[in-house]
Amino acid sequence: MDLDLTKDQEAIRDVFADFFSSETGPERARDAEPLGFDSRAWDRLIETGAPGMGVGESRGGGGATLADLTVVVEEAGAHIAALPLVDHMVATRLLATVGACDDDVLAGTTIVGLAIRPAQDGTARTVPTGAVARQVVALDGDALVLIEGDPGAHLENHGCLPLAHRPLTGATVLADGPDAAGAYRRALDEWRTLTASTLVGITRTALDLGVGYVKERHQFGRPIGSFQAIQHLLADLPGLLDGARLLTAKAAWAGDRAVAGQTGVADIGDNEITDFATLACMALVSAGEAATTATDRSLHVHGGYGFSEEYDIQLYFRRARALSVVLDDPARECRRLADLLLAGPSTSSPPDADHLTSGATR
Amino acid sequence: MDFSLSPGAVEFRAEVKAFIADHLTTEVVDQMHATGTFNDKAFNAALADAGLLAGAVPGYGDRDPIELYLLFNELEKAGAPYDGLAVTMLVAGVINAVGTDFHRSRVLEKLLTGRFNCCLGYSEPDHGSDVASITTKAVRDGDEWVITGQKMWTTMAHVSDWVILLTRTNPDVPRHKGLTMFLVPMDTPGIEVQPVPTMATERTNATFYDDVRVGDEWRLGEVDGGWAVMGVALAFERGVMGGTNPAVPLLRHVRDWATGATSPDGGTMLSDPLLRERLARTAIANQVSQLLTLRAAWIAATGGLPGLEGSMAKLYATGRYQQAVAWFQEMAGAEGLLAFGVEDAAAGGWIDYDARHAPVTTIYGGTTEINRNNVAERHLGLPRDR
Numbered sequence: 008m009d010l011d012l013t014k015d016q017e018a019i020r021d022v023f024a025d026f027f028s029s030e031t032g033p034e035r036a037r038d039a040e041p042l043g044f045d046s047r048a049w050d051r052l053i054e055t056g057a058p059g060m061g062v063g064e065s066r067g068g069g070g071a072t073l074a075d076l077t078v079v080v081e082e083a084g085a086h087i088a089a090l091p092l093v094d095h096m097v098a099t100r101l102l103a104t105v106g107a108c109d110d111d112v113l114a115g116t117t118i119v120g121l122a123i124r125p126a127q128d129g130t131a132r133t134v135p136t137g138a139v140a141r142q143v144v145a146l147d148g149d150a151l152v153l154i155e156g157d158p159g160a161h162l163e164n165h166g167c168l169p170l171a172h173r174p175l176t177g178a179t180v181l182a183d184g185p186d187a188a189g190a191y192r193r194a195l196d197e198w199r200t201l202t203a204s205t206l207v208g209i210t211r212t213a214l215d216l217g218v219g220y221v222k223e224r225h226q227f228g229r230p231i232g233s234f235q236a237i238q239h240l241l242a243d244l245p246g247l248l249d250g251a252r253l254l255t256a257k258a259a260w261a262g263d264r265a266v267a268g269q270t271g272v273a274d275i276g277d278n279e280i281t282d283f284a285t286l287a288c289m290a291l292v293s294a295g296e297a298a299t300t301a302t303d304r305s306l307h308v309h310g311g312y313g314f315s316e317e318y319d320i321q322l323y324f325r326r327a328r329a330l331s332v333v334l335d336d337p338a339r340e341c342r343r344l345a346d347l348l349l350a351g352p353s354t355s356s357p358p359d360a361d362h363l364t365s366g367a368t369r
Numbered sequence: 016m017d018f019s020l021s022p023g024a025v026e027f028r029a030e031v032k033a034f035i036a037d038h039l040t041t042e043v044v045d046q047m048h049a050t051g052t053f054n055d056k057a058f059n060a061a062l063a064d065a066g067l068l069a070g071a072v073p074g075y076g077d078r079d080p081i082e083l084y085l086l087f088n089e090l091e092k093a094g095a096p097y098d099g100l101a102v103t104m105l106v107a108g109v110i111n112a113v114g115t116d117f118h119r120s121r122v123l124e125k126l127l128t129g130r131f132n133c134c135l136g137y138s139e140p141d142h143g144s145d146v147a148s149i150t151t152k153a154v155r156d157g158d159e160w161v162i163t164g165q166k167m168w169t170t171m172a173h174v175s176d177w178v179i180l181l182t183r184t185n186p187d188v189p190r191h192k193g194l195t196m197f198l199v200p201m202d203t204p205g206i207e208v209q210p211v212p213t214m215a216t217e218r219t220n221a222t223f224y225d226d227v228r229v230g231d232e233w234r235l236g237e238v239d240g241g242w243a244v245m246g247v248a249l250a251f252e253r254g255v256m257g258g259t260n261p262a263v264p265l266l267r268h269v270r271d272w273a274t275g276a277t278s279p280d281g282g283t284m285l286s287d288p289l290l291r292e293r294l295a296r297t298a299i300a301n302q303v304s305q306l307l308t309l310r311a312a313w314i315a316a317t318g319g320l321p322g323l324e325g326s327m328a329k330l331y332a333t334g335r336y337q338q339a340v341a342w343f344q345e346m347a348g349a350e351g352l353l354a355f356g357v358e359d360a361a362a363g364g365w366i367d368y369d370a371r372h373a374p375v376t377t378i379y380g381g382t383t384e385i386n387r388n389n390v391a392e393r394h395l396g397l398p399r400d401r
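Heads up: the protein sequence lines correspond to chains A and B, in order. Read in order, the letters of the first sequence are residues 8 to 369 in my numbering. Read in order, the letters of the second sequence are residues 16 to 401 in my numbering.
Since the hints were made in silico from the structure, they are not lab data. Please note that the accuracy of each hint is not assured.
Unchecked claim - Each computed EDC-like pair below joins lysine to aspartate or glutamate, with the alpha-carbon atoms no more than 20 Å apart: (1) K222/A - D37/B; (2) K32/B - E279/A; (3) K56/B - D37/B; (4) K222/A - D400/B; (5) K56/B - D79/B; (6) K14/A - D25/A; (7) K14/A - D17/B; (8) K32/B - D274/A; (9) K32/B - D79/B; (10) K32/B - D277/A; (11) K192/B - E139/B; (12) K125/B - D37/B; (13) K152/B - D64/B.
As the list claims (entries may be wrong) - Residues of chain A placed beyond 12 Å of chain B at every Cβ, according to the derived structure: (14) D25; (15) E30; (16) R132; (17) G148; (18) L153; (19) A160; (20) N164; (21) H172; (22) R229; (23) A261; (24) R264; (25) Q269; (26) I280; (27) E296; (28) G311; (29) E340.
As the list claims (entries may be wrong) - Some chain A residues near chain B, calculated using beta-carbon distances under 8 Å: (30) G70; (31) D75; (32) G219; (33) V221; (34) V292; (35) L349.
Note that CB positions come from ideal geometry on N, CA and C, so glycine has one too.
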């Protein structure tokens with residue numbers, strides 16, 4: 008057991024903390040609204056190799072593990088980067104498993120998105136990065152398909168995500184059958200894990216913003232952070248933050264183990280959970296709750312300023328909500344989780360595909 | 016990060032699980048709930064004889080400190096009587112950290128046999144969370160100290176061999192600078208134990224100290240250095256030694272009950288979508304509680320004192336446990352009110368039991384408010400309110 012980042016991951020964290028700190032941040036996020044895409048920052052990100060870092064080295068990528076990617080995207084979340092990074096990372100990994108990740112996608116000069124819900128009536132609806140991605144990977148029945156073409160019309164929204172519907176017209180079938188559906192499910196669990204990590208980053212900064220504000224703001228002749236009523240609103244948050252981060256890290260660890268062919272278990276009677284699909288779902292619900300709670304409380308202790316556009320917390324507040332519900336109602340995610348925990352054996356991924364082998368059993 | 020246990024730890028956990036399977040009989044569980052004494056000397060002794068207590072003292076010995084976490088986590092998950100053992104091993108850890116050779120040979124070595132118990136004498140009738148203001152006096156008389164006062168919530172005192180007693184030795188300095196800790200044999204003349212029954216059947220005690228004389232060799236830590244000893248004890252207590260996964264047996268009991276119980280809406284309770292959601296939410300909370308506890312254990316294992324991390328684990332875990340209990344008792348309806356041994360009791364009476372037990376978990380071992388103060392002041396760096 009080791010609950011510290013590896014030395015490499017610490018280096019990755021430091022590099023990307025610097026990157027997102029200088030190339031993104033609240034001002035840039037404001038400028039990128041309402042679309043929610045900072046094209047200048049994306050161009051700079053391409054220079055770092057981040058868009059393709061999750062693809063195996065044999066396929067021309069950076070060979071990063073899922074655990075490595077969580078470290079990168081936590082920093083992106085913490086700096087409220089308006090970038091389609093999580094979806095691009097997950098989609099490139101998925102495309103690579105079916106041999107369909109071209110060089111422009113790997114580099115990031117072509118943005119690829121993921122339709123996180125199965126297509127309905129010939130359309131992938133509210134694709135999270137559908138308004139900026141030229142390519143979108145979607146599941147249509149049991150077929151994994153690639154939509155190509157101009158990004159869709161932006162659907163203006165609460166969190167300023169680049170949401171768009173993308174019709175499947177003219178889409179190419181990449182793979183078909185249970186393995187294709189399994190590869191998609193695995194990708195979706197990676198999306199859950201990395202979105203959870205983004206939400207952890209949002210939680211972290213929301214807490215920092217709230218703590219910073221209540222130390223500075225004086226009322227009744229004292230910093231408001233000296234009032235116990237304020238302190239106790241904030242004191243629950245470090246546990247939520249660290250708990251969500253640990254659970255997300257555990258999900259990523261399980262995901263990487265699954266690639267190596269190690270199966271996991273999900274035994275709630277003994278609180279022994281090592282199955283990737285289960286942990287990915289848990290991580291997203293947990294991080295979504297942490298982020299919505301932290302941004303809510305942090306905004307509240309800012310008083311009226313928290314509600315104003317001028318202050319940064321509202322950016323985090325809206326993004327937290329958008330990312331925690333864009334896949335589904337967390338309550339429905341919990342019922343889906345219950346199906347994994349209480350029903351018979353579940354399998355979340357295909358048996359072949361080199362970085363996709365997962366065995367989810369209970 | 017790597018969430019897999021070392022081969023040694025896996026082996027140790029398997030030994031603990033096997034021990035529990037062999038020794039945690041229905042009689043042991045029934046006895047603990049019937050008497051309200053969550054301590055079983057025969058069970059503890061058997062644990063020691065099986066070699067499973069060697070790593071159970073925080074900071075002591077050369078065993079992998081993760082064993083400490085594993086031992087108490089497995090006992091808690093199984094619903095075993097471990098409260099008395101946890102306090103005893105906690106005191107053993109304090110003795111190991113600040114004790115003398117005398118304390119080690121006279122007490123610590125005996126505690127490791129599983130045949131002796133300790134209890135904690137901090138709180139008083141008028142001094143709970145504000146523990147630095149306690150008034151039990153210890154007055155020096157030659158080589159001896161004379162202790163007079165009263166302690167409250169001295170759980171396990173009636174089965175204990177020693178109490179660690181926080182006393183006031185200097186009333187003329189700031190409150191926390193005039194405290195001294197003693198390790199007092201419970202058979203010393205002048206000690207009286209009176210039971211305090213609780214709504215969860217768990218028995219606790221009030222203890223009275225009337226001119227109790229102990230030699231200076233029973234002092235634990237420096238004269239007027241009791242606050243520092245408390246700090247060590249609290250860091251061990253919060254998080255690492257059980258108490259942060261109580262919803263694991265609850266979830267197991269409710270799941271097993273729901274599988275067979277009929278829902279008023281038809282079908283089984285397990286098919287109720289709201290119950291399924293809440294079971295899943297509790298399963299998530301159980302994982303998070305485990306990870307926060309594991310993190311505290313990991314810090315202890317790598318040489319730190321996880322005081323704050325323990326506070327975070329306790330805050331999170333106890334709040335979620337109470338939430339889960341409230342959900343399940345509501346959803347079980349009238350059957351959720353029925354006690355152990357009563358026909359039709361939901362989850363065999365466990366829901367009723369947990370609903371009676373849950374309130375104390377955000378009180379004992381440092382209330383939620385005290386833990387929030389800790390996190391606010393020491394982790395978030397907010398200005399002191401008091």
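Is K56/B within 20 Å of D37/B, Cα to Cα? holds, 16 Å
Are all beta-carbon distances from I280/A to chain B longer than 12 Å? violated, 6 Å
Beyond 12 Å from every chain B Cβ: check whether that's true for R229/A. violated, 8 Å
Regarding the pair K222/A and D400/B, is the alpha-carbon distance no greater than 20 Å? holds, 12 Å
With chain B as the partner, please determine if V292/A meets the hint condition of a C-beta pair closer than 8 Å. Holds. Min distance 6 Å.
Once the closest CB in chain B is found, is it more than 12 Å from A261/A? violated, 8 Å
Given the hinted pair K152/B and D64/B, is their Cα-Cα distance within 20 Å? violated, 39 Å
With a cut-off of 20 Å on the C-alpha distance, tell me whether K32/B and E279/A pass. Holds, at about 13 Å.
12 Å cut-off, C-beta based - G148/A kept clear of every residue in chain B: Check passes; 26 Å lies beyond 12 Å.
E340/A non-interfacial with respect to chain B [C-beta, more than 12 Å]: Per Cβ check, E340/A is inside 12 Å of chain B; nearest 8 Å; violated.
Decide if the proposed pair is consistent with the structure: K14/A and D25/A, CA atoms, cutoff 20 Å inclusive. holds, 17 Å
Verdict on N164/A as a residue remote from chain B, using beta-carbon distances over 12 Å: holds, 26 Å
Against the hints set out earlier in the document, violations occur for numbers 1, 5, 12, 13, 22, 23, 24, 25, 26, 27, 29, 30, 31 and 32.
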